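J.: Starting from the given sequences, assemble the full structure and let the hints guide the process.
Line order of the protein sequences matches chains Z and E.
Counting from 664, one number per residue, gives the positions in the first sequence under this note's numbering.
Counting from 4, one number per residue, gives the positions in the second sequence under this note's numbering.
Just so you know, these hints were derived from the structure itself, not from any lab.
Keep in mind it's a predicted model, so treat the numbers as computed, not measured.
No residue lacks a Cβ here, since even glycine has one placed at the ideal position from N, Cα and C.
Hints are supplied without guarantee of correctness; some may be wrong.
Computed cross-link-like contacts, DSS-like style, restricted to lysine-lysine with a CA-CA straight-line distance of at most 25 angstroms [said to hold, decoys possible]: (1) E/Lys186 <-> E/Lys94; (2) E/Lys334 <-> E/Lys27; (3) Z/Lys678 <-> E/Lys334; (4) E/Lys76 <-> E/Lys94; (5) Z/Lys678 <-> E/Lys94.
Output of the computed footprint for chain Z on chain E, the stretches with three or more beta carbons under 8 angstroms from beta carbons of chain Z [stated by the list, open to error]: (6) 100 to 111; (7) 327 to 340.
Far from chain E, some chain Z residues (derived; all Cβ distances over 10 angstroms) [claimed, not checked]: (8) Asp675; (9) Glu691; (10) Pro704; (11) Glu705; (12) Gln706; (13) Gln707; (14) His712; (15) Ala713; (16) Leu721; (17) Glu729; (18) Ile730; (19) Asn733.
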Amino acid sequence: MLYNKGMRVRVDREKCTGHGRCYALAPEVYDADDEGSCVIPEQQVPPEHADVARRGALNCPEDAIEISGN
Amino acid sequence: MADESVPFDRDDPELARNPRRMFKLLRDHAPIMHLAEGPRPGTLVSRYGNVLEVLRNPAVFSSNDDAVDIGQKRPIIPLQLDPPEQTLYRKLMAPLFAPRVIDALEAQTRQLAIDLIDAVAGGSGCNFHSRVAEPLPSTVFLQLLGLPVSRAAEFIELKDGIIRPAVETPSERRAAVNATGEKIYAVLEEVVAQRVEQRRDDFISGFLDAEVDGERLTPEDVVDIGYLFFLAGLDTVTASLDCIVAYLAQHPEQRASIVADPSLIPNAIEELLRFESPVAGVARITAQDTEIEGCPIAKGTHVNVMLGAANTDDRFMDDADQVDFHREVNKHIAFGAGAHRCLGSHLARMELRVVIEEWHKRVPNYSLAPGIELEYSEGLRQVENLELVW
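T.: Next comes the structure, spelled out in structure tokens:
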């Protein structure tokens, strides 16, 4: 655990078409830009938001969100 | 239950009520199915993975104006354009449909819903379709366009003239649809001309002022966008409300769960959008010879992209034939996917949520009127005889 950097999320803006499932389900982690596409203010996810971050990513119909670490 | 070898009768109302058994047969035995004859020859694509493949490849599976005839005289923007031309229009339009904008419309939409529901809640039953599901989105649309709500009946009639023309033959249909299309264009041209002269706080004015990289929409573009709204924004929400409430009327335990815990409603709506897929499919046309899963498809083939079949595909989701309001992962594509993902999805979701919330506050217990056999329209799954009692 000492070297665990925790979870990181990133969105592929080419794949995102603005379904908005991520920020509807996990507003703690994902946000909408002016067009309704996903933006991620802070890619490093604090441990208390890891579950919702994962849920937001798993619900993306375009598979546009990548999770790394845990 | 019918034997799997028994062919389906396309006029059987049970097939329209529950198309999922047919969807499964298609996915399992003919996932890419060519129909040479019948009212709509073309290719059916039914598995989730293949449907996504089609929707994400607009260069091959075009959404151009040959794909569907809904009375348009020019390509409907942006549905009947493909990337890259479509992309600019989407960039211009998306901000007007973004969640923050839709959030600001929620209070007035909720009041509309409350007014419609209060008008029937004191009685002992109503036709949900005609009293709530149809007037709500039409009225929201009129407000967005900045048109008087008193014109709602006129607009519903025009819209039905395109979606459900009262005709027998394909050529009659074309004539009726084109005639109604002309009337819709006339209304839109009138409103756009007024807003060109003087802006108001409505969508038409917003479109006239929208700008991306110095590009603006012309008044003609705005008319063409309005045409899509007219057809895409009204019946789809009506069909979704019909499908959701018809399901809840027949599943009292699941209905009780959202009455007891309204925070479940957004998830319940997503699950019923998936399971019912009110927009059963979307149309594409191949721009070149191609293939899916090794099945050749010739250039110029109409492709029926079966969203409903994809959404109930057990290859993509466990227990896809079950309705579970507590589902943690639900990547349904009831609003499509790829470049043409429904631009109005945030508006639609808001409309659905406020109606379902307000309805169940006022009418928590209801069922289908005795003896009613629900009749679902094909394609866009409306339920005109959704008679409820409570």
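J.: Hints first: check each against the structure and report whether it holds.
T.: Comparing the hints with the structure gives:
no.: 1; hint: E/Lys186 <-> E/Lys94; result: violated, 29 angstroms
no.: 2; hint: E/Lys334 <-> E/Lys27; result: holds, 18 angstroms
no.: 3; hint: Z/Lys678 <-> E/Lys334; result: holds, 15 angstroms
no.: 4; hint: E/Lys76 <-> E/Lys94; result: holds, 24 angstroms
no.: 5; hint: Z/Lys678 <-> E/Lys94; result: holds, 15 angstroms
no.: 6; hint: 100 to 111; result: holds (count 4)
no.: 7; hint: 327 to 340; result: holds (count 8)
no.: 8; hint: Asp675; result: holds, 13 angstroms
no.: 9; hint: Glu691; result: holds, 16 angstroms
no.: 10; hint: Pro704; result: holds, 15 angstroms
no.: 11; hint: Glu705; result: holds, 19 angstroms
no.: 12; hint: Gln706; result: holds, 21 angstroms
no.: 13; hint: Gln707; result: holds, 23 angstroms
no.: 14; hint: His712; result: holds, 16 angstroms
no.: 15; hint: Ala713; result: holds, 14 angstroms
no.: 16; hint: Leu721; result: violated, 5 angstroms
no.: 17; hint: Glu729; result: holds, 15 angstroms
no.: 18; hint: Ile730; result: holds, 13 angstroms
no.: 19; hint: Asn733; result: holds, 17 angstroms
Violated hints, in rising order: 1, 16; the structure is consistent with all others.
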